Every structure is written in C-alpha cells, then in structure tokens.
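Respectively, the protein sequence lines represent chains A and B.
The letter at position 306 of the first sequence is residue 306 when you use the working numbering, and the numbering goes up by one with no holes.
The letter at position 98 of the second sequence is residue 98 when you use the working numbering, and the numbering goes up by one with no holes.
Treat the hints with care, as some may be off.
Said to hold, decoys possible - BS3-like mimics (lysine-lysine), calculated; alpha carbons at most 30 Å apart, straight line:
1. B/Lys306 with A/Lys167
2. B/Lys207 with B/Lys360
3. B/Lys110 with B/Lys363
4. A/Lys167 with B/Lys363
5. B/Lys372 with A/Lys167
6. B/Lys110 with B/Lys306
7. A/Lys450 with A/Lys436
8. B/Lys28 with B/Lys359
9. B/Lys207 with B/Lys359
What the hints assert, rightly or not - Facing chain B, from chain A, some residues (calculated, C-beta under 7 Å):
10. Ser67
11. Leu140
12. Glu143
13. Gln157
14. Val173
15. Gly174
16. Ile185
17. Leu391
18. Pro393
These are calculated hints, taken from the structure and not from any lab test.
Remember, it's a predicted structure, so these values are computed and weren't measured experimentally.
Glycine residues also receive a C-beta, built at the ideal position from the N, C-alpha and C atoms.
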Amino acid sequence: MEMIESIKPLLAVLISVVVVVPLIIISRRPNTREAWTFVAAVGKFILVASMLPVILDGSEITCTVASVLPGLDIAFRVDAFGMLFALVSSSLWIVTSVYSIGYMRGLDEHSQARYFSFFALSLSATIGVAFSANLLTLYLFYEMLSFATYPLVTHHQDIEARRSGRKYLLYIVGSSIALVLPAMIITWQLTGTLTFSPAGILGGQASPAVVTMLLFFFLYGFAKAGLMPFHSWLPAAMVAPTPVSALLHAVAVVKVGVFCILRVLTGVFGIKLLADLNLGTVVAVLASITIITSSLIAMSQDGLKRRLAFSTISQLSYIILGAAILSPKSMTGGMVHIAMHAFGKITLFFCAGAIFVATGKKYISEMAGIGKQMPITMTAFFIGALSVIGLPPCGGIISKWNIAVGTLETHQAGFLVVLLVSSILNAAYFLPIVYKAFFCGPEETLFPDKIKEAPLWCVVPLVVTAVLSILMFIFPQPFLTLAKLSVGTLFINP
Amino acid sequence: MTQHLPAIIIVVPLLSALLVAVFGWIKKTICFVIALPAMGIVFLSSIVLFYKVITENQPIIYFLGGWSPPVGIAYNIDHLSSLVLVLISGVTLAHLIATRQTVIEEFTNKVSAFYTLYILFVTGLMGIVATGDAFNLYVLLEIASITGYAMIGMNSGRAYLACFNYIIIGTIGACLYLLGVGYIYLVTGSLNMLDIASILPGLVDSKVVPAAFIICMVGLMVKMGLFPLHGWLPNAYTYAPSSVSTLMAPLTTKVMIYVMVRVALYVFTPVLSFSVIKPGNGFTWIAVAAIIMGSLMALSQQNIKKMLSYIVIAEVGYMVGGLWLGNRMGITGAILHIVNDAVMTLCIFLAVVSFSSYKKRDKLSDFQGAFKEMPVTAAVFCVAAISIIGVPPTCGFFSKWYLISGGLAAGHYAFVAALLFSSLINMVLFFRIIEIAYFEPFSDHHGKKHHVKIAEASPGLLIPLIIVACMLIILGLYTDELVTHVISHAIPAEIV
C-alpha cells in the first residue's frame, strides 16, 4: 500500500475554522455570512473529494502536524473508512447550509453569527475525527466536537435548552473524560503506541480481563454513539434548531461516536483479538438490546423529532452490530450504513423542520392530513422513512442486506431475527405518520386542502436528499467501494 | 558578564525595588517605568540561563561574592531551577504589564509601596528557586512571605483577617522548615544542598534524618496549602487586592512545590525519599484527599475567586501526588504541571480581573451578560477553563496525561480516579459560569432587542491576556520538547 504525504487532510479540517469563522464574525450582513458558510461547505467538500481518487487507488494520505508527547503525534491519515465518513458529512453540510438559511430566516432566529460559526467549527472537528491517524488525535477532535456543539444545542437559551445542554455535556464529555481518557492511557502504557493499525495494537499485549475492561470503557466512553444506557442525551438534544438535529444529531455527532467505536474495534483491538476472546458477540448483544429497546420507545413518542431521535439511536447500533458480527460482509454493511442512514435520516429531519417552519407543529398527533398541505415534504418523508426501514428502492436496503448476509455467513442467525424485528418496528413507527398524512377522511384532517409548503430554501434540500436516498440504491458505488476497500485491509490476515 | 547572570536575576530586582521606593515618593507613574525594564532584564537573563543549561547540559554553580561553600552561599542553576526561573519571570512580566491599570485603581496613594513589595516578592521567589543553600532558601522564603502578607493586607475589610491568618499559619510553616534544616545541619554540619546530598545517604540509620525530613515536608505543605493545611489560602486569595491574588495564585504554591521537589530529589536524594523513609504512599493519599476535597469545596462556592482558590488547592494535590508516586512518569507530570498550572492559573485569574474592568464581578451571578460585553475575554476564559478541565491540545491535558500514567504505573488507582473526578468537577464548575455568562439574562426566542454594547478591557490588559492564552496551547503542543530536553534531565537518573 502506498503512503502519500500531503497537507490536504489538514486543510480539509482547518478550512472551516481558520478561514471562515473570522469571516462570519466580521460579516455584518446575513447575506455575506451565509455566503461564507456556503463557500466553506463547498470548499471542504472539494478538498475531501479531491483525495477520493487516491484513496480509491488503494493508497493512503498521511500528514503529521506536531509531536506532542514522546512517540505520540497529532497526525492525520486518510484511509477508505475515514474517507467514506468525511465524504458523507462534508457533502451533507452543503445541503444543510442551504437548509439552515431557509430555516433560520423562516423563523427569524437570533444569534445567527454564533450559530453559523459553531456549525463550521463542528464540521472541522468531524472531519478531524474522520482523518485521525491515532487515538490521541481522535480524542482531541472528539472533545472539540463536544464543546463546539454545546452552543448549538442550547441555542434557544431558555430553561429547557440549558437543561438539555447540561445533560448533553455531562453525558458526552463526562463519559469521555471518565472512560475514554483512562482507557487511552492504559492502552498507551500497554502497547507504547496509539496509532491505528489494521491488525489492531492490543493483540498479545494484555490479559483478556484487561482487554474486556478496555472494550467496555471505549464502548460506553464514546457516548456519542448512543449505546444504551448512555443514550438519553440525544432525545434531550432535540431542543436544538432542526438543522442542528439534522446534520449533527443524525449525521456528524452521532456518527462520530459510531465511527470512533468502529475505529477502536478494528484499529486498536483488531478483528482477531475480538474473535479470539468472543468479544464481538458481547458487543453485538449490547447493540441488539439497544436496537430493539429504542425502537420500542420510539413507537410511544409523540414529538416527531423525539421519535426520530430514538430511531437514530437504534440505527446507530445497527452500525455497531454490523462491525461486531466480525464478518467481512456485515462489516461492509455497517460502514455503508453510516452513509445510507445519514441520507435517509437527514431527509426525515429536514421534513420535520419544514413542517415546523410552515405550520409550527411539532407533534405527530397534530399532523393528520398534513400531506394535503405539504405534499412534497411528506413524499420526501415517505422516501426517507423507506430508506431507514430498509425497503427498496432506497439505499437503506443495501446496508441492511449486507449485515443480514454477514449474520448468516457466520451462523449467528439470532442477530438476523433482531434485524427483522427491528425493521418491522421501524415500519410500525414511521408508516402510520405517512398514512395519516395522506389518507385521512375529511372529518379527521387538521389542515385545509390548499398547498402551502415551507420556503424554497427548506424544500429544495429535502428533495435533494430524498432523491439522493433513491440514487444510492441504484448507484451505491462510491460508498460501497470505499467500505469494501477498508474491510479488505482489515480481514487480510485473520 | 554572562557568568554573573545567576546574581543578576536577584540583584537587579533587589536594587530596582530600592529605586522604586525612593523615586515612587516623587512621582507615582515612575514606579512602573522602573519595574518594567527590571523585570524585562530578569526575564531575559533567565532565558539565557535556561538556554545555557540546556545546551551545555550541566548545571551552573555560582558562588555568591566568590565565597565557596561551606562558608559562602552557592547558587545552583540546573535544568529544574532554570525552567522554574523562566516560568516565574515570564509570569511576572506578563502580570506586571497586564495589571498596570488595575494597580493604579486599587492603590491610588500606595502605588510605590505596592511596587516595592511586588518586586521584593518576586526577588524572593527567584532566590528560592536559584539558591543551592538550604538556609538561604529559608531567608528568601521569608522575604517572599512577608512581602506577600503585606500585599494581601493592603486591601481593606476582610483582607486584614485573611492576612493575619496567613501570617500565623505561614510563619508556623516556615518555622517548621527551618527546624528541619536545623536537624539536617545537626547531623551533616552543612547547609549546602549538594553537600548535604552527598553526606545524607551515609546516615541511613540515623533517626534524626527521618525526623528532619518529615518536619521539613510538613512545613512546606503548610506553605503550599496542601489539604488539610490549606486554611489560610482561600481567604487570602479571595480578599487580597486583585492585582495581588493574580500574582500569588499562580506563583506561591507552585514555587513551594518546586521546593518540595528540590528537597525530596536533591537534598534527601531519591534513595532516602523513596526507598528509606518512604512517605510516598501516605503523601499520595493526602494528595487524593486534597484533590477531592478541593474540588468539592470549589463546587459549593458562589464567589468566583474563592472557587478558583479551591481549584488551586485541588491542583496542589495533583502535583504533590504526582511527585510522591515516586516514578518517572509521575514526577514528570508534577514538574510539567508546575509550569502548566502556573500559566493556567495566571490566565484564569487575569480573565476574571478583566471581566471586572467596568463592573465589579465577584459572585457567579454577576457574570450575566459578561460574554456579550467582553467577547475576547470570554474566549480567553474558555481556553483557560478547557485547559484546567484537561482537554487537548491545551497544556492542562498533557500534564494530566503524565500524572495519570504515573498513577497507573504505580498502581495507585485512587489517585487516577481522583484526577478524573476533579476533571469532571472542573467541567461542571466552568460550564456553570459559561452558562450564566453566555445565556443569561434571558431573552425571548427571537429577541434581537438585547443589543449589548461591547465594552472590552483596555488593550494593556487584553494583549498580555491573549498571549498567555496562546501560551496554554503552545505549551501543550511543545510538551514533547519540554519533557525530552528539560524535564527528563531534571529528574535524577536512578528514578525509573
């Protein structure tokens, strides 16, 4: 495998912070401010995408920034998995920037300079996590993301927002300091390195008891992944403006959590070690419990965003489950699910936000007949829901199919049952919303027949992501290829 | 000229203190004009000394007045002391520039008296670090302490009581140290540290040596405010004039920890400290108590300075614990934390002073709207807070990294747990303030009505503040260099 030294990963990380935040702060007019956000988003995407051909060739890009401890650097390494994640988040940031403009203006929100600045900072941290070459760099950007998203969660500044902000920090930063930090230092002491390696670094360096303890520290320490019982910050964080929930709490933040877990499972523990100690099964069981439980909780939620949040918690655990089954197929499925779920779920959140902007409604019980007033939005919602449930013609089926095949290949059919039950539950909590929106009698409907959609700035992005969700079913190549490439290096010598 | 640098760092401030006292009577503004170049010279000389020690990789030993020990006093500038000298003079220089305006406001008529004490205080601290003589250290300790008491007492109201408290407790601490030195003199017949260090290992069976050791250490613990001997500290720092507490909080406790490191490693030698007398386990447990109690008491404070004082007490626990783990990682962490904590504490205290530029802000609830009015100070405050919590890439993370590594290597899991606990409490403490300062007073959802005017502190305060905040990150990124080239040489080779 060829290693290419390049400063591009650093630029991709820094572009939104160093260039754009100052510009946003000094911009007095909203138009210029939004223009700069847009420039940052496009610039970031171009930088990330420009590295794609190299990665698809099977090479990796590295960049060492500073040596901070003896033998430990702040360094970037772009591999296929990191590329996959960076591609998803940076492309969706462009769409979200457009949507943010419509949403924030539609509601005449306050403190927009702060909002756009911290949004840019969050994306920097996300790309930083995706490109981290070692655990220390990963931790650095993980924490940066936690602090950068705090002002976004508490954006409304009222009592509820601040209470949620406290909960958010306590869960996310608290768990990372209390669990990940010591686990990282223990790993360093045991192995003398923190650089991710496809074969893992802990193999043969520690007793099974220590390995198991470290596994639990990492699993629950990265609380952004929302593994139960460390999940309740996510529904609380739904007080944030909808673009934040859409990009950060369906894509960037939560996926950073799963990404970290996957990175640690593969790069620190290594497939072989997990398989030898049967720890894969342990993780898979924990993930399965989360999948089923949160799907059940989602059914009882009336707040649309809260229902989406619980659905996200369960979908995140799909990704962990896919990795924990330890078969190449399901690992591929898990990685691709990062992309597939992102496009589907962001569509759903965009729809929830569009409904709020157009009608002010937040609760599902108030949405009977809304399809007559907002047909485009609700059609997009239907497509997003299909993708998350995992039905054709949407992208979600591809990842779930791969995970399912993996369970059969490794003779762990129990987890296949989990997948099927959960899909049924997903359908049970999404489809009634769509059904009620379109097919309810005139006596039930709460909305007039007149079509009144949200502003164009809101509608276009959600149509785009809905179309992308369908396209991903037909052309899953970039993500599927990247995932296969990454899995190929991991399973090379089992 | 350069061979006299060890004397210059003491003599120049000493003389300038005299000049300030004389010329200050004539014109108030001249005090700062004299103090600034004096501190500048001290800072530059320290850097040259630091550079020389690093490049030549051996200590500089300077005989004061040409008298050689055991009669005369020797100054011993090695890796450890040159590092702390740069730290003290750098912190002082930044502090001197930053508080120029505050000093004039706080001490209208007593500016010259204040600057005289201020410079003498710093002279004392520099001397404590530079000296290689155990008794001379006591003398300089008293200089630093007495000027410190006087500066605290220059505020009115509760400062008198706080100052009196500090005098009583501080004097007891210094006396204990002196008593310990007396015991050592009794058995070794020498006051020179290198001398003592060569004689003491031969006196392993003596019962006087452990007694001297314990008395010395308890004295130092009083002076550094290690829980439960911290009683003087919170009130002294809270009620002192803000231009005094901002200097004493970063420096006093850290210098005392330096002395503890010096005495443990270079007077009693690692053999006695870690193998024969072995107080390590007990001292680390005291440190654990200090960290936990300091954090908990900080949590219950409503006054910002008092809260920060209790954080200082917890941080003292970090360093003492790290030292007495007795392994290389832990001691590296302790020494690194001396540097990092001094800069962090300076940064956070100065930020609080800056917040109070126009409006007195003592209580946490006074911070409403502070971030809107002072965005730059707010940013600095957040950087300092993140460093104290211990998040990379700020320096606070890296010293914590070493301390935790040391704790794990020594198998002292309670110490590790206490460090993590304290990080979590710090997070709660600072985000409580950030929440008040950022999100209060309440506005309605879409209110653009609250157009607060930006009213930042003067550039004289703001620029040093920004530099100090940048230092927090620079120190963090250069941890590798600092550890490999300086701190690893400052720890005796026999410690693994």
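Evaluated hints:
1. B/Lys306 with A/Lys167: Between B/Lys306 and A/Lys167 the Cα gap is close to 26 Å, so the pair holds against 30 Å.
2. B/Lys207 with B/Lys360: With Cα atoms ~55 Å apart, B/Lys207 and B/Lys360 exceed 30 Å; violated.
3. B/Lys110 with B/Lys363: holds, 27 Å
4. A/Lys167 with B/Lys363: holds, 24 Å
5. B/Lys372 with A/Lys167: holds, 24 Å
6. B/Lys110 with B/Lys306: Distance of about 26 Å is within 30 Å: holds.
7. A/Lys450 with A/Lys436: Holds, at roughly 17 Å.
8. B/Lys28 with B/Lys359: holds, 25 Å
9. B/Lys207 with B/Lys359: violated, 58 Å
10. Ser67: At about 5 Å, which falls below the 7 Å cut-off, the nearest Cβ of chain B leaves the hint on A/Ser67 intact, so it holds.
11. Leu140: holds, 4 Å
12. Glu143: Check passed: Cβ of A/Glu143 comes within 5 Å of chain B, closer than 7 Å.
13. Gln157: holds, 5 Å
14. Val173: holds, 6 Å
15. Gly174: Because about 6 Å separates A/Gly174 from the closest Cβ in chain B, which is inside the 7 Å limit, the hint holds.
16. Ile185: Holds. Min distance 5 Å.
17. Leu391: A/Leu391 check fails; min Cβ-Cβ to chain B is 38 Å, beyond 7 Å.
18. Pro393: violated, 40 Å
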